[in-house]
Amino acid sequence: MKVTVNGTVLELDPGTSAIDAVFAAGFDVPYFCSQPYMSPIGACRMCLARIGAPRKERDGSWILDESSGEPKVFYFPAMMATCTTAIMEGMVIDTLSKDVKDAQNAMVEFTLINHPLDCPVCDKGGACELQDRAYEYGTGRSRFVFDKRHQEKHHPLSALITLDRERCIHCKRCVRYFEEVPGDEVLDFIERGGHTYIGTLEDGLPSNFTGNITDICPVGALLDATSRFRGRNWEYDHTFTTSLDDASGSAIVVDARTGRIERIKSGLNPEVNKSWIDDGIRFGHEYADDPERLKRPLLRRGEGFEEVSWEEAAAFVAERLAGFSGKDVGVAIRADATLEEGVAARALAQHVGTGQLDHAPRHGPSLVPLHGATVLDVATADALLVLGDVTEELPALDLRIKDALKGVSPPELFAHGVPIADLRLKERMPRASERLAVVAPYRVDLMKYAGAAVQVPVAGEAAWLQAMAAVAHAQPADEAVLGMPRAEAESLVRAWREAQKPIMIVGGFVLASEAATEAAASLAKAVGFRQVLVPPMANGVGLEITQVLPSHARYDYQGMLGGSAKALVLSNLNPAVDPAVAERLRSCELLVVHDLFLTETARLAHVVLPGTSGYEKDGTMVSLEGRFLPVRAAPVDAGEARDLTGVVKALGEAFGQRLEGRSVRSARRVLRKELGFDPTELHRLGLLRELPRRRAIVSLNVRETVVGDSLRVPSLARPEYLGRNAHLRAALGGPALRLHPEDAAARGLRTGDEVVVPVDGVPRRLEVRVSDAVPRGVSLVPATPEAPAGPAAVALDDLVHERRALEVA
Amino acid sequence: MSSRQPLPTVTPFFADKQERLSEILARYPEYGRRSALMPLLWEVQRAERHVSEARVEEIAEILGLHATEVKGVMSFYGTYHEHPVGRYHLQVCRTLSCSLAGADTLADFLEDELDLVNGETDPEGRFSLQYVECLGSCGTAPVLQVNDTYFERVSRSRCRALLDAMRRDTLPEPTLERGGDNEPNAPDQEGGAA
Chain X
22 MKVTVNGTVL ELDPGTSAID AVFAAGFDVP YFCSQPYMSP IGACRMCLAR IGAPRKERDG
82 SWILDESSGE PKVFYFPAMM ATCTTAIMEG MVIDTLSKDV KDAQNAMVEF TLINHPLDCP
142 VCDKGGACEL QDRAYEYGTG RSRFVFDKRH QEKHHPLSAL ITLDRERCIH CKRCVRYFEE
202 VPGDEVLDFI ERGGHTYIGT LEDGLPSNFT GNITDICPVG ALLDATSRFR GRNWEYDHTF
262 TTSLDDASGS AIVVDARTGR IERIKSGLNP EVNKSWIDDG IRFGHEYADD PERLKRPLLR
322 RGEGFEEVSW EEAAAFVAER LAGFSGKDVG VAIRADATLE EGVAARALAQ HVGTGQLDHA
382 PRHGPSLVPL HGATVLDVAT ADALLVLGDV TEELPALDLR IKDALKGVSP PELFAHGVPI
442 ADLRLKERMP RASERLAVVA PYRVDLMKYA GAAVQVPVAG EAAWLQAMAA VAHAQPADEA
502 VLGMPRAEAE SLVRAWREAQ KPIMIVGGFV LASEAATEAA ASLAKAVGFR QVLVPPMANG
562 VGLEITQVLP SHARYDYQGM LGGSAKALVL SNLNPAVDPA VAERLRSCEL LVVHDLFLTE
622 TARLAHVVLP GTSGYEKDGT MVSLEGRFLP VRAAPVDAGE ARDLTGVVKA LGEAFGQRLE
682 GRSVRSARRV LRKELGFDPT ELHRLGLLRE LPRRRAIVSL NVRETVVGDS LRVPSLARPE
742 YLGRNAHLRA ALGGPALRLH PEDAAARGLR TGDEVVVPVD GVPRRLEVRV SDAVPRGVSL
802 VPATPEAPAG PAAVALDDLV HERRALEVA
Chain D
69 MSSRQPLPTV TPFFADKQER LSEILARYPE YGRRSALMPL LWEVQRAERH VSEARVEEIA
129 EILGLHATEV KGVMSFYGTY HEHPVGRYHL QVCRTLSCSL AGADTLADFL EDELDLVNGE
189 TDPEGRFSLQ YVECLGSCGT APVLQVNDTY FERVSRSRCR ALLDAMRRDT LPEPTLERGG
249 DNEPNAPDQE GGAA
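Those sequence lines, one after another, are chains X and D. My numbering puts the first residue of the first sequence at 22, with every later residue one more than the last. My numbering puts the first residue of the second sequence at 69, with every later residue one more than the last.
Next up, chain D with everything else stripped away, as it sits in the complex (with noise of 0.2 Å):
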């Protein structure tokens, strides 16, 4: 039927990272080819800081599927994303334990301190800020996740010293919480695309 018109050419991400790609295809069946939708979604992520359409029809185009298939997964999870975040992805957590534990005043916060609302990127392209659900560090809360990281008991001064190592980009070690996430032993973030 009616022909899409071609997207200006870009570059597939793929073209030079074939290693990479036939590694993911590798861990799954060959009827299970649409399974490395998500490591694949997650590796331009990862790269570009955002899934754009080029891409999704790239992803889409490797594993025989439509494109529109690609991105009802993509916009299922809040992880990815159609626009490119700032070098530093701030999420906060806001479900219940967060919020017992002041998540709101903290949210607040860094909308008047970084002058973004929820799902804003700033200018410079430095700070994004998004709300999120639980990231499972109600122990710790509240949480906020830069990155992939979690700085956890976030009060108002941990926030702004954060804020300020991150306005020279200089990201400091998140702080050692007893039973949190950043505890030496702690099951590894990397991924977060199971």
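Next up, chain X with everything else stripped away, as it sits in the complex (with noise of 0.2 Å):
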């Protein structure tokens, strides 16, 4: 369609609004309440201008005008939003004349009425919307001489989010990000008029993604609690770089000053996260600030511990694992390494000549799917099947998946970026629940938008996925296996079979078992699913297809520690946690532990070697889709400590070799040649590549002789870091023991509870909570990198009270 802006011609898709009109024109209309991803709703009439349009004849032909002959343009009789406005053939928008500047300046005037002047203690000054709309658009002096509307200037709506309803604007983009995004309704305006107020009746915004709205918020009323007066805006370093707290991928900004993390906000990926992060990751980055944190080697004395020099403490290893012979040695890494940080622990396995090398932790298939799909394929199927609890596994998929239920697809890119104004996007949109399946042994949150919910036992989708399959074969299936009547089934399956695009997204339950993965592969091969699997951690998917594997399946992690080596290289791995194993561990010849604390596992050890967070390291992860991403490191004041490639530049010094991997920039050249790219090129969006598959599956012995009948379970926030972010915590609680509301009555435990209890062997602190998601007779405890998502034995008899919550009234 043609449009005119401000004189210059443009051709644009039908659908498009007015304002994405004018910014494609290359001109800037101020703007509040429109928001990249969300439904326009001119609430803010902030984008007003002056719109025409030629009408066409009874006879369909162009009224003309007398003069030129062209069509003759009819303007509207007042301004029009441009936000919701779609453009028509012939359309003139005018956004430069005196009219539409005064609108604005009226406007700016009107939306200044109330709001205080306190931009000089305001977190947001320097980065805030109304600011800059307040210094283009408006008049820069007030005409209101009266008392301004007083309210509550610090509430926090939970301890993560704190509300100064003074600067509040009533935008609704938070109230709309609620319904739209997320899809729970925690938020909405109070009262009516000018004492309309932003509030909730939840305990502390009970969402998984409430982060967000302190990004979109256009003013400082919402403010992220763990930075609020922590930094001015043009203090901040910004630096561009991609979450290694799960594997989604998600694109992050993670802003430091002298030194410090001061925030996280979400980056932009289209066709990844769009602009949405989780709690966790937003939230979750205190403990790279922790005071704890090791920040120079540390050499064992005795009992104790020394501060030496890298060259000292790489010194004694290489010379102490001269003595080994070199396939008496194990290297085991955190599945977060980056690629680079993986083929330094390759070369250094390598170079000490031992086939025990490996990443923590993994499941025993591979996991690059036969059929795979992106996240994007996600975001636009017609039909999913979700095993397992997405939501708390990889929180981003969680929200591409009600993408899909929408039915919208992703907009189209304009030169400006996202569309300001999707028009397609309404507000209470019909969400496609029959698209939707999901399969979990508790009741998962995204079973609520689901069409078809069935809740198995406890290690039971092996099970149902053959009973699936039998279904889709049209061979008998046991009714109760399947948890819902056969028509019913065979309905679904008829459904998936029909559908365009129908995806299979595999959580960690599933993954854990080989047989329900089997299962899983059958039952996508029998009805034309494609698979997305959920790594248990952010870059398994590139430690895969990068081979940091073991030679032989005796060789794993769990081999290692089982005794098969008598030194040991551990990376960000606390197996000490595990008293059997720490006993273990105790009489291990050499024990050099790569981690950013004193860990139980690092206190056993002889060398310690202060290691660096996801924020402070350069490298490439691999996402679950098969993208190559970059990770940045961010300014921050880690004093000694290095990524693994540093460890394994000290270690190839105190060798006399120069190791490939010794830097993120040798690694990068071992890996261009294998990759068949350079990552350094990488841009910020990654590059999504198809992956070779595994050629043998290394089976895992993990503990497969404990089945419990309870599960280890996924959590947005990492466990291992949930005591050291406090404000993460606050919110959260702490790792949380679920129980069934009978089971804990039965035990006199109550939500808020401490105890004690051994998970498979390994006494774990952690906070009841009595919910009814959780079946009768199992209980929830948290997986960890040590103990991944997974059936569990949960000595509930051995449990020890710790402490008993406080008596609410």
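Don't take each hint at face value.
Claimed, not checked - Facing chain X, from chain D, some residues (calculated, C-beta under 7 Å):
| hint | residue |
| --- | --- |
| 1 | His134 |
| 2 | Ala135 |
| 3 | Thr136 |
| 4 | Glu137 |
| 5 | Lys139 |
| 6 | Gly140 |
| 7 | Phe144 |
| 8 | Thr147 |
As the list claims (entries may be wrong) - Beta-carbon label-pair distances, calculated as ranges:
| hint | chain 1 | residue 1 | chain 2 | residue 2 | range |
| --- | --- | --- | --- | --- | --- |
| 9 | X | Pro451 | D | Asp183 | 49 to 57 Å |
| 10 | D | Tyr96 | X | Ser454 | 13 to 21 Å |
| 11 | X | Asp153 | D | Asp84 | 55 to 63 Å |
| 12 | X | Phe165 | D | Ser223 | 36 to 44 Å |
Said to hold, decoys possible - Simulated crosslink set (EDC-like; lysine to aspartate or glutamate; CA at most 20 Å straight-line):
| hint | chain 1 | residue 1 | chain 2 | residue 2 |
| --- | --- | --- | --- | --- |
| 13 | X | Lys447 | X | Glu201 |
| 14 | X | Lys469 | X | Glu448 |
| 15 | X | Lys469 | D | Glu129 |
| 16 | X | Lys427 | D | Glu98 |
Everything labelled a hint here was simulated from the structure, so no lab data went into it. Just so we're clear, the structure is a prediction, and the values are computed from it rather than from any experiment. For each residue, glycine too, the CB sits at the ideal point set by N, CA and C.
Hints in hand, dock the two standalone chains.
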């Protein structure tokens, strides 16, 4: 359609909003209530423009201007909000005339009537949309001589978000966000007119995606409580990087100031997380600044440690390693290490000549599916089968699943980016819940949105998948196993078969079992699903395809800990939480631990090397869809901490060898050869690649003997750091032992009680949470990197009650 | 996320009114279930003279909404009360026509007479005083609405008589004004919840 904006003629697709036409033409128009990826509502009236369009005669011909002979432009009688106006053929938009300027000026003045002038103490100062708009479009002086509205200035909406009700300009972005994006309507306007304020009746915003409202608030009303009063916007160093908290590959911006991470904001990656991140990623950064962080290498001297230089530590390790036969050495890294660190670990293992190399946590089956799907495919799928608790395991995927239910495909990007007003989006859009089926061993959040929800017994996924496959092959299947009448199962299978883009999302509970993973693959084959496999940690896929894997199954991580290795190099792993493993590690002849903190394992080590957090290293990660994404280091003061490439560099120097992977750069030289592209040149939005499937499945003998009636469940807050993330912990509570109300009552347990309970023989301190989402007789405990999601034995009989919750009147 | 501490248990309002509940819900299609919000609020308010937080949560539960949303709707309208109002809820219109016809004097008179200010209820729970916006009876200003009944052209003497009657708990029939809302054929006031 032909549109003229201030004299510039453009050709745009029908359905484009007038505001996007203005931006596409290179002009600016102010707005507050519109927000990319959310419905335009025309609430703030800031984007007013003078709009006209030609009209047609009854016979369909254009009404012509008598003097020029061109179609005559009829202007609308009043200014139009460009965000809610769709373009029309021949539309003329004027944003520069005096009338428009006056209207914008008046709106700025109106918006500022009740807005306090506390910009000098406002965290948003310098990055505030209202401030910018007031400068650009306001008069610069106020005619308002009366008292401004006074409201609460420090209202804690939750432990994570503070609301200043005076600053709110009622754009409704946050209220709409909760309804449209996560689908939890936990925030609303209360009262009316000039008394309106944002409020909630729910205790502490019960949603996993609350932090995003601090990003989209156009003023300083909603602020991230972890960074409030910590710095000015222009003082922050913004590092555009990728989150290593989960395998979604979510884009984040790390804001650091004077060597400290102050806050994390959502980055924009239209094909991955759009502009949303979950609270685990956003608020889970405080551990990086914990005063207990290791800053220098430690060398064991008798019972204690002595701080030494890297050279001394490395010389010690090199000398001791020389005394071992290569195959007795084990090297294991955590599965959120970068590809470069993986190359470094491989180089180290190669140098000492060991096949005992692994990353953990890792599932037995490969993470590269036969027919994979991307995150964007999930967002545009017309049939989804979700196996597991995706909301906690990979929250970014949860939001994209909800996108798929809306059935609005992601918008085409303009030169100015994501459409500011996508007119296809509406408030309270119907969600096609029949597209979604969820199968999990307890009631998961996503079931609320699902047309079909099946609660299977613990470790019952394999049986369910086999039964479904039987239905697909028109064979008999037990209705009790299916959890629904056969007719329903048949209609589900039919819907999956008829769908254009059916996708199966396979979570940790299924991947924990080889039988279930195989059953999932055969059901996928039977009905034509493409699969998305959820890795247990950020770079599981990357470390698998770069072969940070043992040469033999018996040399895997569990094997190393079980005694196949006499010397161990562990990076960010803490197996000694298990007393039995700790006992074995005590007799380990050389234990080198590379970690952020003096963990249980580090305490047993001969050498402790300070490691970097996911915000402090450069590297590359591969997300679950096979997208290579850059990880960039924020300017954070981490003392002498180094990532694994730094460790390998120091060791190599001590060996007198130039090892591959002795720096990010040298590791990338190796990767370039293996991958066929240079990770240094990766774009911020990443590069999607076909991934090679692992040839043989290398089994993990993950405590297969332990099959309990309970479950280790994924959690969006990393349990290993939750204790050091004060704000997140305050909002979510400590690591939880979730119980059915009857089970809790039978043992006299109440929500908030602190208990120590053995989980697979490992005593864990947990906080009781009573929930009817949990089936009877099952306890849910958080999965950790040492013990990823899957069945567990929780010995409630050996539970020790540490502290009872306060009696609440 | 964090779980709410349970409120003290109260018998659900609709526990013994299932028939009325399904009658209200039946007015709306299933996808528009949330439309029943206003009638349900009104149902509670009429019986209890306010809508407590427990009732807000009950209604949210019935309609499958979050309590916040119910609260958002409820607080938008001045007709729903968070705290119980008195047996006689006096609503004085102070919009233009009534103001010109002496609504402010009427309001002052009521404040003095009852020793209440806007938004208050007396300790006995007999009277509540509230200033409201236009009641749509401009032709018979000034208007005082007592509970659901309009009293029109309320002069000082009429007002005093009315208060005396209410103090004896005998609410008089409203006077019939020509063109007023209390005329026999006047549109039904019931509901107010459209």
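Quiz item: Of the numbered hints stated previously, which ones are contradicted by the structure, given in increasing order?
Solution: 8
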